[in-house]
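> Sequence:
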Amino acid sequence: MTIWLGTPSVDGLGGVARVLGEWQVEAGAVQLHPGDLGWFRRFGGERTAAATRVWERDGETVAIGLLDEPDLLRLAFAPAVFEDEELAAQVAADIVDPSRGVLIEGKVYVEAPVGARVKDLLSKEGWGIDDPWTPLKRELTEPVEDSGLAIEVIAAETAHIRTAVQRAAFDGSTFIEERWHAMAEGEPYANARCLVGRDGQGEPVAAVTVWSAGPGKPGVLEPMGVHRDFRGNGYGQAITLAAAAMLRELGSSSALVLTPSFNVGAVATYRSAGFEPLPETHDQVRSG
Numbered sequence: 001m002t003i004w005l006g007t008p009s010v011d012g013l014g015g016v017a018r019v020l021g022e023w024q025v026e027a028g029a030v031q032l033h034p035g036d037l038g039w040f041r042r043f044g045g046e047r048t049a050a051a052t053r054v055w056e057r058d059g060e061t062v063a064i065g066l067l068d069e070p071d072l073l074r075l076a077f078a079p080a081v082f083e084d085e086e087l088a089a090q091v092a093a094d095i096v097d098p099s100r101g102v103l104i105e106g107k108v109y110v111e112a113p114v115g116a117r118v119k120d121l122l123s124k125e126g127w128g129i130d131d132p133w134t135p136l137k138r139e140l141t142e143p144v145e146d147s148g149l150a151i152e153v154i155a156a157e158t159a160h161i162r163t164a165v166q167r168a169a170f171d172g173s174t175f176i177e178e179r180w181h182a183m184a185e186g187e188p189y190a191n192a193r194c195l196v197g198r199d200g201q202g203e204p205v206a207a208v209t210v211w212s213a214g215p216g217k218p219g220v221l222e223p224m225g226v227h228r229d230f231r232g233n234g235y236g237q238a239i240t241l242a243a244a245a246m247l248r249e250l251g252s253s254s255a256l257v258l259t260p261s262f263n264v265g266a267v268a269t270y271r272s273a274g275f276e277p278l279p280e281t282h283d284q285v286r287s288g
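Each step along the sequence shown adds one to the number in the UniProt record's numbering, with nothing skipped, and position 142 is 142.
Treat the hints loosely; a few may be bogus.
[Claimed, not checked] Here are the computed lysine to aspartate or glutamate pairs in the DMTMM-like style, where the Cα-Cα straight-line distance is at most 20 Å:
(1) Lys124 x Glu85
(2) Lys107 x Asp130
(3) Lys107 x Asp120
(4) Lys217 x Asp130
(5) Lys107 x Glu139
[As the list claims (entries may be wrong)] The calculated label-pair distances, taken between Cβ atoms and stated as ranges, are:
(6) Gly128 x Val153: 28 to 34 Å
(7) Gly288 x Gly202: 24 to 30 Å
(8) Gly115 x Gly202: 44 to 50 Å
(9) Ala155 x Glu276: 49 to 55 Å
(10) Phe262 x Lys107: 37 to 43 Å
(11) Glu83 x Thr7: 41 to 47 Å
(12) Glu83 x Ala155: 40 to 46 Å
(13) Gly126 x Glu83: 18 to 24 Å
(14) Gly148 x Glu85: 50 to 56 Å
In case anyone wonders, no lab produced these hints; they're calculated from the structure.
Note that the coordinates shown come from a computational prediction; the quantities given were computed from them, not determined experimentally.
Note that beta-carbon positions come from the ideal geometry of N, C-alpha and C, so glycine has one too.
All chains should be built: construct the whole structure from the sequences, respecting the hints.
Following this line, the structure appears as structure tokens:
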């Protein structure tokens, strides 16, 4: 059976996102989510399609990759083929072969879900592990407590508010209004919401984007940030609670977020909002 590697068309990105949504299961490993594809879509459809890799076998999509950076590939696999030796060998071969156009040469990173056979094969090829990340999860079977903030669901005419908070929360952010509209044009955003929290004086103090994978499936927060002028007031916890509540409203079974383990402040914020840490994960790294 031949395994085919390709990139989707811009029109085909919606289908890729739907497949990623089908692969999100409560009992499964945390892996690339349609929200990750949706957030990348802020750079436009053509750039997103060019950064997406799809592996097919007998006409069925079995693995999907997103080049979040030219040196970072994030992977997802259909649940039934996590331990498939043939697929893992082909994906690993494609990753290490520069002629396949998956990763640049030199030092590169691969994020693969825990339990995927490809991780073992890369380790055997001498790939090391990078700094740890902490996934955190909150079950959404019960209602979420009130955030205490006035929460605004962002629409096209208020996108400038959302992007301004993002830039004030993350140094070097390039999230401008034009990029919000590019993101919102992508199919994954049909199951997403951007939220801005305002304090008692009406100032926008924090923002988050949440992505549902469909009813009964895990949703994700990507990204969440607090305006630099309003930190230290519990607004990170508050906007995270609002995010969890919105995902529950969208039908998500749980809310997921992933942060570097060294960012102890972020881990503490998510835990204060009822998120429980899962076992740490590591990207794999090839020194080049």
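> Could you run down the list of hints and mark each one as holding or not?
To see whether the hints hold, each was checked on the structure:
no., hint, verdict
1, Lys124 x Glu85, "holds (14 Å)"
2, Lys107 x Asp130, "holds (12 Å)"
3, Lys107 x Asp120, "holds (19 Å)"
4, Lys217 x Asp130, "violated (29 Å)"
5, Lys107 x Glu139, "violated (37 Å)"
6, Gly128 x Val153: 28 to 34 Å, "violated (43 Å)"
7, Gly288 x Gly202: 24 to 30 Å, "violated (51 Å)"
8, Gly115 x Gly202: 44 to 50 Å, "holds (47 Å)"
9, Ala155 x Glu276: 49 to 55 Å, "violated (33 Å)"
10, Phe262 x Lys107: 37 to 43 Å, "violated (19 Å)"
11, Glu83 x Thr7: 41 to 47 Å, "violated (26 Å)"
12, Glu83 x Ala155: 40 to 46 Å, "holds (44 Å)"
13, Gly126 x Glu83: 18 to 24 Å, "holds (21 Å)"
14, Gly148 x Glu85: 50 to 56 Å, "holds (51 Å)"
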